[in-house]
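Novice: Listed below, chain by chain, are the residues.
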Amino acid sequence: MTSDSTAEITELSSVDGSDALSATNTDLSTSLGVLQTLMNTVKKQVLGRDDVIELAIIALLADGHILLEDYPGSGKTTLAKALGDAIVSGTSTDEAIVPFRRIQFTPDLLPSDVTGVPVFDSNSNAFHFRHGPLFAHVVLADEINRTSPKVQSAMLEAMGEKQVTVDNVTYALDGLFFVIATQNPLDLVGTYPLPTPQLDRFLFKITMNHIDREAELDVLDTYKERRDFGDSLATVTRDEVLSARHEIDSGVSINPAIKTVLVDISRNLRSDDRVLQGNSTRSMVLLLPALQVSAALRGRNYVSAEDIELLLPRVLGHRIELAPGVADFEKVLADNMRDPMEQLARSTLTA
Amino acid sequence: MTVRAEHSSHHFLPTSLRAAIIASSFWVLSLSLSVVSGSVAAFVGCLFACYLVDLRLHQPPWNRFRTSSILCAGLLLWLVGIFTAQLLVSSQSVADLVSPMGAFNSSEFIKWFVISASITIGLRSLAHRTSYGAVLEILFVASAFVITLAAHRNGMIHRPFFIGDFALVRGIDPSAILMAFGCIAVLSLSALLMMESNQRRLPYHFAVLGILCFSLLAYVRLFGLPTPQLTDDLGLTGQQSGNGSPQENPFRDGEDTANDKEAPVAVVVFRDDYEPINGSYYFRESAYSQFNGSMLDFTTRQDMDQDLIEFFTNGRADTEQLPLSEDQRTAVRSTIGMLVPHRSPFGLESPIAYENVPNPNNLRFKRTYNSYSLAPEYDFEFLIGRETGREDWSDEVLQEYLALPDDPRYQELAESLISNLRPEFTEDPFAKSWAIKTYLDENGIYSLKNEHAYEPDPAASFLFGDLTGYCMHFSFAAAYMYRSIGIPTRVGVGYSVPASNRSGGSSLLIQAVHGHAWPEIYFRDIGWVIVDPAPQQTLVDMTTDPQNDLQQLLGDMLRNDASFEDFLESQQSSFISLQALLNVLYVSAILILTVAYLIKFYRLWVPSQAREPNQHRVSYRAVLDRLSAIGLHRRYGESRENFAARASQTAPTIKVMTHSHLACALGSDVPGHFDRMQWNALQRAISKEIHHNTVTWKKVLALLNPFSWLLTR
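Protein chains in written order, with the working numbering: chain E, 1 to 351; chain F, 1 to 713.
Be careful, since some hints might not be right.
What the hints assert, rightly or not - Below 20 Å or equal to it, Euclidean Cα-Cα: the simulated EDC-like pairs (lysine to aspartate or glutamate) are:
(1) F:Lys655 - E:Glu306
(2) E:Lys259 - E:Asp273
(3) E:Lys259 - F:Glu638
(4) E:Lys259 - F:Glu641
Rather than coming from a laboratory, the hints here were simulated on the basis of the structure.
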């Protein structure tokens, strides 16, 4: 845990001057340490993307995957790489699993290129499975829409089930299997747009915008130092991340009212005339751990409306299909959120 | 497709509003056509049909029917209902079973229920299924208002006045009710329009419209309506019925317009049978008899016009001089109700006594009195060969009745007119006067546009000029000519109403147009006899539509004096008086205020007494109340955190408080680890911050506003 992260946490918990809240937060302190370390490490390498970093880390801790959509050279790969580098294997016994892998997707890629392939070892006269790049903690799937649907569906199984099946043999992936996929919003010639079921596997789709002027200047000023950081940055181990996941899952409570809100919003969206297809039940299931991480990140041991407001647009943005002629997803969502959110807010004052 | 529970509840309010508006239209329309049970049925039927169509039309099995089938079903319902209603009143057994009144009431109920239900089903179905349907609906509601108000277009004059009478018998200004009606019409129609289109701005416009309407009402309440022109000065005889002075010029140019000529002046109820011989009822008010050097005027002598009764008295006033030849006259008693103030009483020619009677309705009648008359029954042949003048007149009086302007042309014309008489009539006064009247009848032209008023002698200007004028000119010219040949004459003024206006009833309406002046001659042993020129040519249309309804209504009102008093009383006792209503309003307002203050202070006080698991709620609520009072409250759908961030500019501690509150409410924290002292400390801190960061007037408002807590959510 770095010094300024500690300061931030103490600031969060000491605003009221009482020890009541910090007392409850001690349960989550390890997880908060992990979160802050990750956050700071990545922030040092990726400038001006604090919101995206936060979402990426939430997804990592919530056992989800993210899809980044941005223009080339905007730092997608840097972000993914920084996140991968911040996690070290630690005491992991499986030597086939590496901290970070990058797959550059092309149209001629084959599923075996991603999953791995059995090769014949002449010494032992037997087939050995050679692990593909998916066997890593953090996998960067660059330009995922450029590869064939065959490969994309291989990714689908891996992302959904945390396993790959080659020649009818199933190999388990790492418990901390986290995919950061990227795609280019323009340049769509010769691409295979991801089908809706596959989009549903991604917890967040994050559309990145150009960073602001100050941040851009900062990037130019510090590109050399950031290149030379090397091993000097703080890292967390795979086990720390997994235990943080567990801790957050058990330490952050989700009030039934929160679940009610999520279901009500989903139902409202599905019955809205402006929505062609609503969101899946799975999206709500995936959202729950993300809400917990978001709450933990803010030093809370309960999920609150704030978390929903932050995450819901990111979770539903790529899952909702709007009716023809309707463009403003933000407005549709806001309209459908208003009533349930009001109910939630009111519920806290009623016994 | 999921069932939209939220959406149907969302539509419930507009549906109810629309149903209420259409149902009110039915209620209003049925009021004048049916009894209470019918009106209630119309209202209920419309409500029923509205909800039925609005909530069921889009669900099976309704959505499978064609629009035309629904319309036909509505028509069928109508026919069946009418048939059933008819059966109820025509069948003897039903009347035996329940009373005849009950049968009638239930028949009306069924009839109006099906009428309103079937029309509503048709209108609502069309509004749902077609593009023009909503227009029909709005037209229907508008027509309900228009029909109701159209009956009142002349204020209190016309029938039906179920609104006007309702207000008048309770002492309320009907204009306020009518105006409120207009306002409600505007608001209802805009509400209907608003519900048809989903414009979000409309509620705002609607509010503005409402404020405009009610400020109009308030204006009228404060300053009243502009006073309409009085009908007094519309009398065509030029008489000043109200406050006229004798010195005023009775001839007026151009002022006698035909505007509002139908304005009612008085109503007469005949208590005895009488039919005038010459086709007109003459009501004499006074007479111009004394020549004052320029024209005829009211007499100043005590010994002239002794048959006239000049002023109202509290009791009975009798004339000093009775008309003669009583065997040729019939006694007629009539009751007269003046709708417009008059200087002198008037009565059917010839009045001999007036007697005040209690005013049955002093909202309508300015004065009511009985008039006793000896009305002539002789015809003109009876007058032939009669002497003129009264035996007991002194020479001076006779000379007064013969005085005329110093203009020889009157006598010349009169002499030339009577020179053609047959020899046996050359000395007969009546024949002479008849010859003169005939000349005026044949050559005079009746017109209200005349240019004689400012001549030294308007009558001469008329008679020797274009012979165009109105009754005043005719009567003066005739009177001067009669006088020039030695016939004692005066000009009577009052009203002359065609006998046909009575149309068989016992009451007779006198309107402004009936104001009249006529020459009358005194025949010995008979009395004053009207010899009235009636020009055959006229340039103005002075006919009026018979106002039989109004005539009958006013007559009934005048006649049934006792029953009307009873009616007033029964209405006033059955009606909750306005004052009582106001008192109820005041008391309830004070009650509401008191309760609101009690709730307000209870909510601020209760945190100091609360314990978990309620402590976090009541403490936080108290803080929110304080913020609401200074105008900071959570917007709809806003999260508590966002609100806290917003409010933290005023009271930074609210963030901590919100956090703690949510930790208790949403988190798994066991309530109770955070004790009352800590909550109260937080509360005090926020109070201090609010106190410090708020301007004084806001603090005062915050303290006074009894409803601030309503904003807390």
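Novice: Hint compliance check: list the failing hint numbers for this structure, sorted ascending.
Specialist: As far as the earlier hints go, only 2 is violated by this structure.
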